[in-house]
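Student: Chain by chain, the residues:
There are 4 protein chains.
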Amino acid sequence: MNFNDLSIFENLESEVRSYCRGFPAVFHKAKDHKLWDLDGNEYVDFFSGAGALNYGHNNEKMKQALIQYLTEDGITHSLDMASKAKAEFLQSFNDIILKPRNLDYKTMFPGPTGTNTVESALKLARKVTGRTNVISFTNGFHGMTIGALSVTGNAFKRQGAGIPLNHSVTMPYDAYNGDTKAQLDYVKQFIDDNGSGVDMPAAFILETVQGEGGLNAASNEWLQGIEKICRERGILLIIDDVQAGVGRTGTFFSFEPAGINPDIVCLSKSIGGYGLPLALTLIKPEYDIWAPGEHNGTFRGNNPAFVAATAALEYWKDDTLEKSVQEKSKKITNFLQDMTKKYPELRGSLKGRGFMQGIACDVEGLAEDVAEKAFEKGLIMETAGAEDEVFKLFPPITIDDAGLEDGLNRLEAAIEATVKQKDLVTS
Amino acid sequence: MNFNDLSIFENLESEVRSYCRGFPAVFHKAKDHKLWDLDGNEYVDFFSGAGALNYGHNNEKMKQALIQYLTEDGITHSLDMASKAKAEFLQSFNDIILKPRNLDYKTMFPGPTGTNTVESALKLARKVTGRTNVISFTNGFHGMTIGALSVTGNAFKRQGAGIPLNHSVTMPYDAYNGDTKAQLDYVKQFIDDNGSGVDMPAAFILETVQGEGGLNAASNEWLQGIEKICRERGILLIIDDVQAGVGRTGTFFSFEPAGINPDIVCLSKSIGGYGLPLALTLIKPEYDIWAPGEHNGTFRGNNPAFVAATAALEYWKDDTLEKSVQEKSKKITNFLQDMTKKYPELRGSLKGRGFMQGIACDVEGLAEDVAEKAFEKGLIMETAGAEDEVFKLFPPITIDDAGLEDGLNRLEAAIEATVKQKDLVTS
Amino acid sequence: MNFNDLSIFENLESEVRSYCRGFPAVFHKAKDHKLWDLDGNEYVDFFSGAGALNYGHNNEKMKQALIQYLTEDGITHSLDMASKAKAEFLQSFNDIILKPRNLDYKTMFPGPTGTNTVESALKLARKVTGRTNVISFTNGFHGMTIGALSVTGNAFKRQGAGIPLNHSVTMPYDAYNGDTKAQLDYVKQFIDDNGSGVDMPAAFILETVQGEGGLNAASNEWLQGIEKICRERGILLIIDDVQAGVGRTGTFFSFEPAGINPDIVCLSKSIGGYGLPLALTLIKPEYDIWAPGEHNGTFRGNNPAFVAATAALEYWKDDTLEKSVQEKSKKITNFLQDMTKKYPELRGSLKGRGFMQGIACDVEGLAEDVAEKAFEKGLIMETAGAEDEVFKLFPPITIDDAGLEDGLNRLEAAIEATVKQKDLVTS
Amino acid sequence: MNFNDLSIFENLESEVRSYCRGFPAVFHKAKDHKLWDLDGNEYVDFFSGAGALNYGHNNEKMKQALIQYLTEDGITHSLDMASKAKAEFLQSFNDIILKPRNLDYKTMFPGPTGTNTVESALKLARKVTGRTNVISFTNGFHGMTIGALSVTGNAFKRQGAGIPLNHSVTMPYDAYNGDTKAQLDYVKQFIDDNGSGVDMPAAFILETVQGEGGLNAASNEWLQGIEKICRERGILLIIDDVQAGVGRTGTFFSFEPAGINPDIVCLSKSIGGYGLPLALTLIKPEYDIWAPGEHNGTFRGNNPAFVAATAALEYWKDDTLEKSVQEKSKKITNFLQDMTKKYPELRGSLKGRGFMQGIACDVEGLAEDVAEKAFEKGLIMETAGAEDEVFKLFPPITIDDAGLEDGLNRLEAAIEATVKQKDLVTS
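Residue numbers (my numbering), protein chains in the order written: chain A, 6 to 432; chain B, 6 to 432; chain C, 6 to 432; chain D, 6 to 432.
Bound conformation, chain A alone (with noise of 0.2 Å):
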């Protein structure tokens, strides 16, 4: 068998694949932020799995510690039964993160995928308050079964259900199409309204930033009228923060610097540390009325997963790696600022916070380029929103300096050679 062109995955997997479509390698080997693939071509990774791998590929002591429960023949596989693995981690996530934020939640794990938590926060949602409708947000990225679809925004997405999405209402998010107090006051006036036809909603389901929409990042002020909302009028407020949170905004939780409470977190991701499946859904104790088995799954019990995570939660013993993440947020923020101003062709504006940042490029198909050019210089990385027209940047946040610099500097390159290539095509 030769692997080193991808016509295996052109006759064997369906056309639904995608990734491999606009990185066109195959790899084998990863080491934290780099790839390589089966030609030996080095490329540094500003993806992170589409923020599965926060702590970059294959951290050294997680695999040490993979390695060594499955040497022991630690149970892998254990669906909801009690394990060893489980315990440590339920424990050590209660006190390194939950407890030092004054975090009272009851840990559930839904199955080991985003979709699957953001489910089972819907489901929860409905039973404790007996409503059907939940609002969800414009540029909303849940999930692809049909319940978390039905509270996304994507259109080709939506369209892919087959079937009309139903018992949801989307709402604009932080400065969709006005300031934040506009955003707010439209919300409660189409919650509190009853002529509104916005029948009262469950809940509340939303990212602090959009990783797929766009990178848009809510302001405090926003999580926080939001959270008024909900709490005025007994409606529950659900965090999705499987992509945002694990750090990669600078903090464990993304909704940590606005300083609200969610009733219902979903996380997943990078909560595997390793970039092994795995999901949690935190819920407050009162809302915890599940009946045993209400909601289940084959996959709840991924004990290599647990032990990788546990391993991951060291680094939240001290603020090492908070600090280090928010000072290298700036360095990004500092180097999209240049670029704009430096590469006025793409018409950029910068976009999100922390290890999520970007430029929305108001020139069509120009994002998309830059991702492209960038794969070429070695550089992983991609597109986002709904016409993916912002170029992302996801380094792991473990990243060093050199790493990050290195990046960088393949962006820009890829910029220059986008916006000279453009040029040569217009003029």
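Since no wrong hints were added, every one of them can be taken at face value.
Where chains are identical, the list cannot tell them apart; a pair therefore holds if satisfied intra-copy or between any two copies.
The list that follows gives simulated cross-link-like pairs (lysine-lysine, DSS-like), each with its CA atoms no further than 27 Å apart: (1) LYS68 <-> LYS36; (2) LYS66 <-> LYS36; (3) LYS34 <-> LYS66.
These aren't lab readings, by the way, just hints derived from the structure by calculation.
Mind docking chains B, C and D on chain A? Use the hints.
Tutor: Just chains B, C and D now, with coordinates in the frame of chain A:
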């Protein structure tokens, strides 16, 4: 930390947890058909992770392949980028499983869980046909996200949705309330009668043996009849082989003995070999009309699972395993027949086939009592059916004769104890 | 203006028009069982406005009452304000119809059409039970608005909705594909089995004789069985007596011979007596939990219809009409039996009961040919069934012997002509 | 029988009755703008059957036409068969209404109520476009059957559905929470943004003046903007003119001043002239793609209503009525402005236009108090708005100056009494 008790789970994990209530022990080590808890107690596993551990726990060959892959820093998480591990799996799956069975499918990785593959199958069938309705069958179980739950029969699980479940119609499964011919006629009449109120469906979705629904095994005649109904009317046939597939019934796919050729096949659970999350959706090439990225998910590229899955396929290079499963299945059948005769108090009748057999007890609560007593005897086993009326034998398909014997002996001890206890109570 | 042709309708009316295509004449005058078109051609009416003209056209007594009411400037339109005409109707309906039959219902005026009463009944049943699912039956017809259409069987009508129709499940009507006991068992099993996928319903809705669905008449045994299923499980029983009620089957309510006591009864069509729009929803007092105005509509207070309806109730003060209908029904049955024997080419079988009988022809298109020929012979008659396979006799229940004779003669002439013509074609 | 009290309604009619609670009298006679109860008390009608009696009660010319038609035994009920009365109506409607306004519509008779025409319009728009979503607007009211209720804003009415209402999205009506431009931009952004979560709609449905929703009158600019949004995106524009049409705002169609050309127009209420049930759906010929009978109903052929409706059209042969309505509308406006100045305690602001004006009172319960006092003064008048915050003047458009004066005087007396009473209570 002391993990010898369950208090940590009671304090920190959601009320939704279920198996840990039926099997109150904290498990740590596992190998093949055995598990050990933290106190060193040994258990025989007749549960197999609800069908996710058909090859038992921590299979040594797969383990070595996994450790080697981890050690070499093979890429762990790759979304749907091309990777060497994925290429090897695709090629092996095609060469070892599909080609020898004259099956021509494109493989889709829909996200790593059973409910993901079901959701993707329903979406695709609706896209292909332009219809919204899907026919499912009584006591079918297909998953817990809204799309999959809509085609699931269990009232308790459905109730958990919190919204009405729509876009689906339930028809009687084989032998539900009549003989095979009657059940097929029923389906035909509802589909063909323009006054029946049943809209022309995009697809039928069914399990050949219903695992959760009570070990109902469809006859070949019924499966062929269902396929014929689909073919004649342009309806897609989706076989959900998540639980019954990967050798559990004695052949790789559960539908092989019936000689049918489904349009879409859902696989998960044991396809990953080692209990790691993995799912496949197999699609006839002519129906593989997905647009790139129309369905996606973060954990589609679980490379350790590809590595273990590829290693697991070695079992299927010749018919040794198949023959062994088929022979041992007879032993199980014989044993269960003996039990119903020896213990008429069970009011038992045999259910299922292959390594998914059990006894339906026509006495309320009795099957649950047997499972409970079995746990006391060191045997892990669950119940099935809408009223938990069936106790269910799900040993690993790789179990050796001694292991099977051991488990069956423990089971008989449990049955005896249950019957006796009941006797004392009722007399 | 010349109205002797249909061009004005072709030019100005929507393509949705239908009966004017089957009965291509411009009608002007009508009296009792006769109509005349603009050219003075006389027609016998075996159609009765699809059951809205049980007392024939322009009944003289009702006409005088109407003219008097108009002349006196009695209030015409009163929404749901109290009016003398409405009070008189309520009192008469209670005294003449309900009390003598030991029925205790509150009367609701839900808007003047059949689909309005059905929608109100479904809303109320859902409110009373807190459940969303409603069980309807194969070949049931309940109306064309989305709520009523969701419980209607006809595929063509359903397709017209333009959205998937949900919140309902179809079950087999009596003798649909088995004997009465088998059909009842089927329903019971689906309702009682917690794994069937059929959610516990708020209500059953059914017609005792299905008018549009092909003149299927339920047996008393089936109706009693259905009522029992409802009673034992707290499910509401809604009888849609819009077409079969008001004497058409020989008793005022079609369900009287079965001795059942529905929770909600839907009446429209002939309840207005003179063909004026009126509908009632009869509700057991204990279920009359509507909030004021929770269901409303502009034409609930159609006072001319109250006036005619009250006059029509005079027919029910003794059993003269009932006896007459029952006797003439036998004549119709005898005639139809004769027809099937005399014209075996019809491959006919008798359907329905009372003044809603007909012949199902097991030859494609034949029933429609008979209706077409009948029109040529001056007899107005329509077909029923999902494939229009039944020709349907719907004379006014007040028709005299001569009129009935006349109509039957014309029908036989039409049958003879149809059979002959077919003969010529096929030989 | 003594009908001087309401006990008969309390005993025999459903709790759902509402207007008879606000207007506790048993009405018997009515003429033009006056009603009399059984005790002979006279009332001025500023309610007009919620817009169904634009020509007042028992208009003498229509009455004579009706009596003549009845006397001649003209056909009363004809389903959708061709009749002389219907032909005459179609021709007159085309000649007198459509042609002079350069409107080219096919006329559909969808069943005789407002909710029927709305349901038919929604079905057709979905059929034409192949889309399921429909955009409705805040505080819109379109009917009480499930399809129409799904596009209705009122929370209390929606709740009554008993099922979640889907397949629709509410957008802000003109001036809902911003100026006209802001509201149009909002709609545009949600429709055009592929990430908004609002699926491309089949149609917009709206009232130009919202009767039930609180007498909100859209500006011409907004209506034109909405039409432009529809045209540019292939969305159908449905104007629900059931309440605002047939002269109530001063022109036959309410949308004439805006110069827009809707794709579908819904008419009912006053189109029947005399308060008899009748509804029309007007369809641009290119969208009249109904299959025969795809939507139907029993009372589509209400010939007495055709007769009265044709007689009513005489009013539109010249512009006398239009001019009179427009002049009297100014009087009403002036009167209401006076009231808000003279009685600042009302905290009143003017709403609506033409003969559908009123005052919104920013004091809880005050508008209802005014309506109650008005009744005591012999004036029949209702409230509107989600909180019943508007008292609403709906005189017949044919009212003479003396009648209008009389009504306004009674209204002022009611306002004065309300304000005084409130004063006593609060001081």
